[in-house]
Amino acid sequence: MVGGGLDWLAFFGHFLMLSLLSIGGAITTAPDMHRYLVQEQGWLTDPQFTSSVAIAQAAPGPNVLFVALLGWNVGMGAGGWAGAGAGLVLALAGILLPSTTLTYLAASWGHRNRELRAVRAFKQGMAPIVIALLVATGWILATSGGYRLSQWPLWAVTLATTLIVWRTRVHLLWLLGIGAVLGWFGLV
Amino acid sequence: MTSPLPADRPQPRSLTDLFLSFTWLALQGFGGVLAVVQRELVERKRWMTREEFVEEWAVAQIMPGPNVINLSLMIGGRYFGLPGALVALAGMLLVPLMVVLALALVYARFADHPQVAGALRGMGAVAAGLVAATGLKLFSALLKHPLGLPVCMALGGAAFVAIALLRLPLAWVLLVLGGLACALTWRKLGPR
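Line by line, the protein sequences give chains S and A.
For the first sequence, this note's numbering begins at 1 and goes up steadily by one.
For the second sequence, this note's numbering begins at 1 and goes up steadily by one.
Since the hints were made in silico from the structure, they are not lab data.
Here the structure is a predicted model, which means the values were calculated and not measured.
Please note that a few of the clues may not be correct.
Okay, derived cross-link-like pairs now, SDA-like style, lysine to any residue, Cα gap no bigger than 20 Å in a straight line [to be verified]:
id, chain 1, residue 1, chain 2, residue 2
1, A, K144, A, R187
2, A, K45, A, Q28
3, A, K188, A, L143
4, A, K45, S, N113
5, A, K188, S, N113
6, A, K188, S, H171
7, A, K144, A, A154
8, A, K188, S, A118
9, A, K188, A, G148
10, A, K45, S, W166
11, A, K188, S, R167
12, A, K188, S, R117
13, A, K188, A, A164
14, A, K188, A, V176
15, A, K144, S, R114
16, A, K45, S, R117
17, A, K188, A, V151
18, A, K188, S, G186
19, A, K45, A, P10
20, A, K144, S, V119
21, A, K144, A, L184
22, A, K188, A, P146
23, A, K144, S, R117
24, A, K144, S, A118
25, A, K144, S, E115
26, A, K45, S, L116
27, A, K45, S, R114
28, A, K144, A, V176
29, A, K45, S, A121
30, A, K188, S, T168
31, A, K188, S, E115
32, A, K45, S, R169
33, A, K188, A, L136
34, A, K144, S, A121
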């Protein structure tokens, strides 16, 4: 369990370090968070870790909030509600401070120098790759249960959603609601 | 690709408008916020064009940190400087954080409920479609691309295969294919 001030410092420092490595999102550093919090320090159990990630994925809002839940659970184990609050703030601040500072400075610089050939080449050159990455992310999410043929109702829902969102302006919450109802009744 | 801004172009009216807009779109984002950001900011509010969205997204993606967090920060900063960036960030995090905590507190009671698990699975399948469709919609941003559509398709196709089918590490794909795409674009843009 988290004990004195030094442990909190190490906890905060670890998230600060992971922030700089989190290219592609905080979720890409989740394996290392698991190694550190569960295996090395023993501050969280395996189910606590997994459910924190799952809840944040299912909830509205950016997925990075799973880090807040991890901090909350670590702090709860160390010092009850006050500890939970402290853990949440330290984890979330740690994972966000370095990356947001860096992004803000880089984006401001890029915007000031937007007429530079190198800046235009970077922003426009990345466009086809970035667009392909989005479609690839959809593909990866849709096939996270594997390529077994029994998964076809889920794929059908994904495909239908893709076409509807691409071609119409139906409100996204309706589609999520329909997906939830289909799942609730065991149809997908 | 970036056209000069028309004078009557919509933009956030105030920091409060910015905060509420980002809170509202974060709360709609189950399983990820990106699809909602594109829908709200490009299609509904028209604060940015598709081309601008793709360009900002490239920066947000390549920098460390959660991509949509980076994107919101950059958009807020574009309109109101540092205060705008902080307010957009707060909008993305504050209220959704309360929701996540509330969910975590009730989770223990319903975790084993098969219908709840089913609903989450169904929403996950929809969320996958939302992200894929966002990619397809932004496709039209490539029509005016300096490299031309065929080259863009080849680069994009290679990136899709590398990430979705071969599951290569993102950093390598961005470095190799992204680097190639930027170098080709740099040559095409020519000295000005």
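>> For A:K144 and A:R187, compute the direct alpha-carbon distance and say whether it is at most 20 Å.
In response: 16 Å, holds
> Does A:L136 lie within 20 Å of A:K188 when you go C-alpha to C-alpha?
Replying inline: Violated, because 25 Å separates the two Cα atoms, which is more than 20 Å.
> Taking only the CA atoms, is the gap from A:K144 to S:A121 under or equal to 20 Å?
Replying inline: With a Cα-Cα distance of about 14 Å, the restraint between A:K144 and S:A121 holds, given a limit of 20 Å.
>> Need the status of pair A:K188, A:G148: alpha-carbon distance at most 20 Å?
In response: 10 Å, holds
>> Against the 20 Å threshold, does the CA-CA distance of A:K188 and S:R167 hold or violate the hint?
In response: It is violated: about 32 Å lies between the C-alpha atoms, which goes past 20 Å.
>> A:K188 and A:V176 were given as a pair; does the straight-line alpha-carbon distance stay at or below 20 Å?
In response: 18 Å, holds
> Holds or violated: are the alpha carbons of A:K144 and A:A154 at most 20 Å from each other?
Replying inline: 16 Å, holds
> Is it true that the CA of A:K45 sits at most 20 Å from the CA of S:R169?
Replying inline: 14 Å, holds
>> So if I understand the rule, the pair passes when the alpha-carbon distance is 20 Å or less; does A:K188 with S:N113 pass?
In response: 19 Å, holds
>> Next pair to validate is A:K45 with S:N113; report whether the Cα-Cα distance is within 20 Å.
In response: Roughly 26 Å between the alpha carbons, so the hint for A:K45 and S:N113 is violated.
>> Would the hint linking A:K188 and A:V151 be met if the CA-CA limit is 20 Å?
In response: 12 Å, holds
> Quick one, are A:K188 and S:A118 close enough, alpha carbons at most 20 Å?
Replying inline: The hint holds at about 12 Å.
The structure shown violates the earlier hints numbered 4, 6, 11, 13, 16, 18, 26, 27, 28, 29, 30, 33.
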